[in-house]
Amino acid sequence: MSDTTRESNDRTGLGGKYLTFSLGAEDYAISILKVQEIIGMMDVTMVPSVPAYVRGVINLRGKIVPVIDLRARFDMDRAELTDETCIIVVDGPVGEIGVVVDRVSEVLDILGRDIDPPPTFGSSVTTAYLLGIGKAGGRVQLVLDIERVLGGDSADLTGLGGVL
Amino acid sequence: MTKDASQDAISAVLDDVAATLACLDGDDAAAISDLANRLALLTGEIEAPAQREMVARAGKKLRKVADGTAKVPSESLAAARRLVAAATGCPALEGEVSGTVEAEVDDAGAWEPNPGSATEPESFDGAPNSSTSSEAPSVSTTGDTAVVETPADALDNDPELVHEFVSEAHEYLTAAERALLVLEATPDDRPAIDTVFRAFHTVKGVAAVLGFSQIAELAHRAESLLIPVREGKARFGTGYANLALRAVDMIRSLVERAGVMAQGVPLSIPGGYAPLMAALDAPVGPDEAPTPGARVDPNEHEPVEKAPAPADAPPGAASTAETWVRVRTDRLDQLMDIVGELVIAQAMLSSDGLLASEHGRELSRKVALAGKTVRELHDLSLALRMVPLRGTFQKMARVVRDTARRVGRHVEFTTDGEETEIDRKLVDALADPLVHMVRNAVDHGIEPADDRVASGKPAGGTVRMRAYHAGGNVMVELSDDGRGLDKDKLVARAIEKGLVEPGATLSEQEAFQLIFEPGFSTAKTVTDVSGRGVGMDVVRRAIESLSGRVDIASTPGRGTTFMVRIPLTLAITDGMLVRVGAERYIVPTANIRITLRPDASSLKTVSGRGELVVLRGEAIPMFRLGRVFGVPGAVDDPTQGLVVIVGEEHSCSALLVDDLLGKQQVVTKSLGGFIGRVPGVSGGAILGDGRVGLIVDPDALIALARQAA
Chain G
1 MSDTTRESND RTGLGGKYLT FSLGAEDYAI SILKVQEIIG MMDVTMVPSV
51 PAYVRGVINL RGKIVPVIDL RARFDMDRAE LTDETCIIVV DGPVGEIGVV
101 VDRVSEVLDI LGRDIDPPPT FGSSVTTAYL LGIGKAGGRV QLVLDIERVL
151 GGDSADLTGL GGVL
Chain W
1 MTKDASQDAI SAVLDDVAAT LACLDGDDAA AISDLANRLA LLTGEIEAPA
51 QREMVARAGK KLRKVADGTA KVPSESLAAA RRLVAAATGC PALEGEVSGT
101 VEAEVDDAGA WEPNPGSATE PESFDGAPNS STSSEAPSVS TTGDTAVVET
151 PADALDNDPE LVHEFVSEAH EYLTAAERAL LVLEATPDDR PAIDTVFRAF
201 HTVKGVAAVL GFSQIAELAH RAESLLIPVR EGKARFGTGY ANLALRAVDM
251 IRSLVERAGV MAQGVPLSIP GGYAPLMAAL DAPVGPDEAP TPGARVDPNE
301 HEPVEKAPAP ADAPPGAAST AETWVRVRTD RLDQLMDIVG ELVIAQAMLS
351 SDGLLASEHG RELSRKVALA GKTVRELHDL SLALRMVPLR GTFQKMARVV
401 RDTARRVGRH VEFTTDGEET EIDRKLVDAL ADPLVHMVRN AVDHGIEPAD
451 DRVASGKPAG GTVRMRAYHA GGNVMVELSD DGRGLDKDKL VARAIEKGLV
501 EPGATLSEQE AFQLIFEPGF STAKTVTDVS GRGVGMDVVR RAIESLSGRV
551 DIASTPGRGT TFMVRIPLTL AITDGMLVRV GAERYIVPTA NIRITLRPDA
601 SSLKTVSGRG ELVVLRGEAI PMFRLGRVFG VPGAVDDPTQ GLVVIVGEEH
651 SCSALLVDDL LGKQQVVTKS LGGFIGRVPG VSGGAILGDG RVGLIVDPDA
701 LIALARQAA
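Respectively, the protein sequence lines represent chains G and W.
Its first residue numbered 1, the first sequence is counted upward by one per residue in this note's numbering.
Its first residue numbered 1, the second sequence is counted upward by one per residue in this note's numbering.
These aren't lab readings, by the way, just hints derived from the structure by calculation.
Treat the hints with care, as some may be off.
Quick list of in silico lysine to any residue cross-link-like pairs, SDA-like style, CA-CA up to 20 Å [what the hints assert, rightly or not]:
id	chain 1	residue 1	chain 2	residue 2
1	G	34	G	60
2	G	34	G	145
3	G	63	W	366
4	W	395	W	378
5	G	63	W	412
6	G	63	W	677
7	G	63	W	345
8	G	34	W	672
9	W	372	W	341
10	G	63	W	378
11	G	63	W	382
12	W	604	W	577
13	W	366	W	378
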């Protein structure tokens, strides 16, 4: 831990357990503390006049829960639904929100010193929704700031899918 | 009043003046002048010379204050107050009283606080004045709110105990308020007086135990205020009622503050506290206060404190044998959600194909039995949300009283059906529009007494509120026996305001509904009560937002009746399930006039874009639900779909859908904060197959469609 950057990352407390999932070829990680449950894909009721990345609403044990499409949020191509497509229910800033992802991988321990601050790609690619880039399980994980993803922030997400 | 007016009548006026004086603000010159006039008039009626002298002098002092010629207005006011108080005493005591008063008037202000600046009311007589004063904190008034040093024991109270105190106090105060209104009509009502005492007494006791000394002290003084009334030594006049009601309001607001007070934070005291405390001390007859301070001798309160019924009996406990349990509302909502889920699970179970098979017969019987129980459970859980309208009616009684006093009318308020139950969430939402309507009825509906007598009606007006269930709705009717609505005047006014084309012919109901138009007011003068041209349109909007409506019936010269119809609950919507593409929507049955399959001959277009359905000669604009909501795969040819006609007569619209799937009762749920309000959609519901269906708000939907067109 001689590297000062790594030390400061450690102090931000980013190290911990993460749920990893994939969108296409990219691996993402989200803090397990934000995850409430994982459910299989189900019929989603369309809601009019909402942003395109909001797929609609589902019935989660009697509660109406909105569902967003992370691919659409990051302006990636829409993928076909498969048996592996599922919904991660997270504790958002305004209640539970379902997040549709291609595939859930595993729960990983990512050490604080293995998480680097997000790189900058200039104006064409925003990394505002990343807390950092972690290395674990022999792969590179994009650590998501889920609050900002769900916060309705209108910052342009175009191109994030092409980061790696 | 005539020369031979009875001593009783004189006493009644004096009591009234005494109490009004006590709550007066020193700056209110008009009110002081009014009192001075009343006293001057009264001197002509009084036979006893000492009493007449006192009243005359009090009148002169007040006149000076009103004219601004008094050297020290607060002292003159205080002197006048004591003179009137002395004059209200028994005429038999007049000699003695007169002497006492002379002595006191000479050093006016020495022992009585000024009403406006009484920051330390409990120490003015230099003697400990009650059992609670030892722990009474010092009050420092700065601006609207004063922060008070609360004794340490109030800061670490068990939150549960405080919570219990808040809800218990609320019940007692409500009972006291109701009793005070009863007393105003029938001053001799013993049970009502006892109820008021019990309320103040219990609040005082519990507040003292919990260390809320400001509340305890105020309740104590409110109790003391009414001792003369209870002992039959004073008549319960309007002034007493005002003061006691103010005390109820103040205690209520203090108790509310105590309830939300964070642990370790001192109780904040509203600005009106100190003046009220001073006012409560003032109107005491001389027979109870031969020497200053004696009236607050704890021993003197002994009989009063013992007299009320045991304080642990909740108000009204004697009259009903029902028992109650308090439940947190979030738990109730949770129960509703879970029962709703159970109903859906049951529906999925009973439609399972296995039940219809050869081996399923026995299972099917068992599932049906479970289904019956589930339905009963569902009905019961819905009933748990229902509360009677009683509280709302009581609030209205107070509004009638206060408004009638302010506009100088005599109005009697009667209620019927206050046990009618309604969804707890609707109760609060209904109160605001009703307050407005009640004020309007008193201010605009009921005529001044002279006009009433001239047209052969009793001088006092009547406002009547009645509630009952009708189908799935609750009806609340508000009637007055006032001047009624004049259709021609309303129309003339609307034309003048540009709301109606000149020469238009309106039905009676249409003319009456004009009063709900924004900017429409029939009152010629603007009062502080109503008549500013805002209000009735807000009333209609508020009631429509509860899926309700207001109708008006009126006969000129005989009165007006407003009929408010709102659903029993917003939680349940009777709806028609419709299909558009792969999506399903619920259209509330209340909005639907008719559904039909259009044939080609009834379909017209306007300039190639706007579509119309002609129904019985009436051209109705048609909107495609699929297009408004952007649903893929909806039918393109209207003759292959169905139209649902929604809206009021003469202003209805047609919604094109693919198919009708049947009627369904659904539990309305919010779509959550992330999605927020969606135009054209009032909420969501879980359908029989467990999927979510959106509930359409037809009016908003059509507004949206028109915008897009």
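Here is how each hint holds up against the structure:
1. G:34 / G:60: holds, 17 Å
2. G:34 / G:145: With a Cα-Cα distance of about 10 Å, the restraint between residue 34 of chain G and residue 145 of chain G holds, given a limit of 20 Å.
3. G:63 / W:366: Judged against 20 Å, a Cα distance of about 28 Å means the pair is violated.
4. W:395 / W:378: violated, 32 Å
5. G:63 / W:412: violated, 48 Å
6. G:63 / W:677: holds, 17 Å
7. G:63 / W:345: holds, 14 Å
8. G:34 / W:672: It holds: about 18 Å lies between the C-alpha atoms, which stays within 20 Å.
9. W:372 / W:341: Given that 20 Å is the threshold and the Cα spacing comes to 15 Å, the pair holds.
10. G:63 / W:378: holds, 17 Å
11. G:63 / W:382: holds, 17 Å
12. W:604 / W:577: violated, 27 Å
13. W:366 / W:378: holds, 18 Å
Hint violations for this structure: numbers 3, 4, 5, 12, all remaining hints satisfied.
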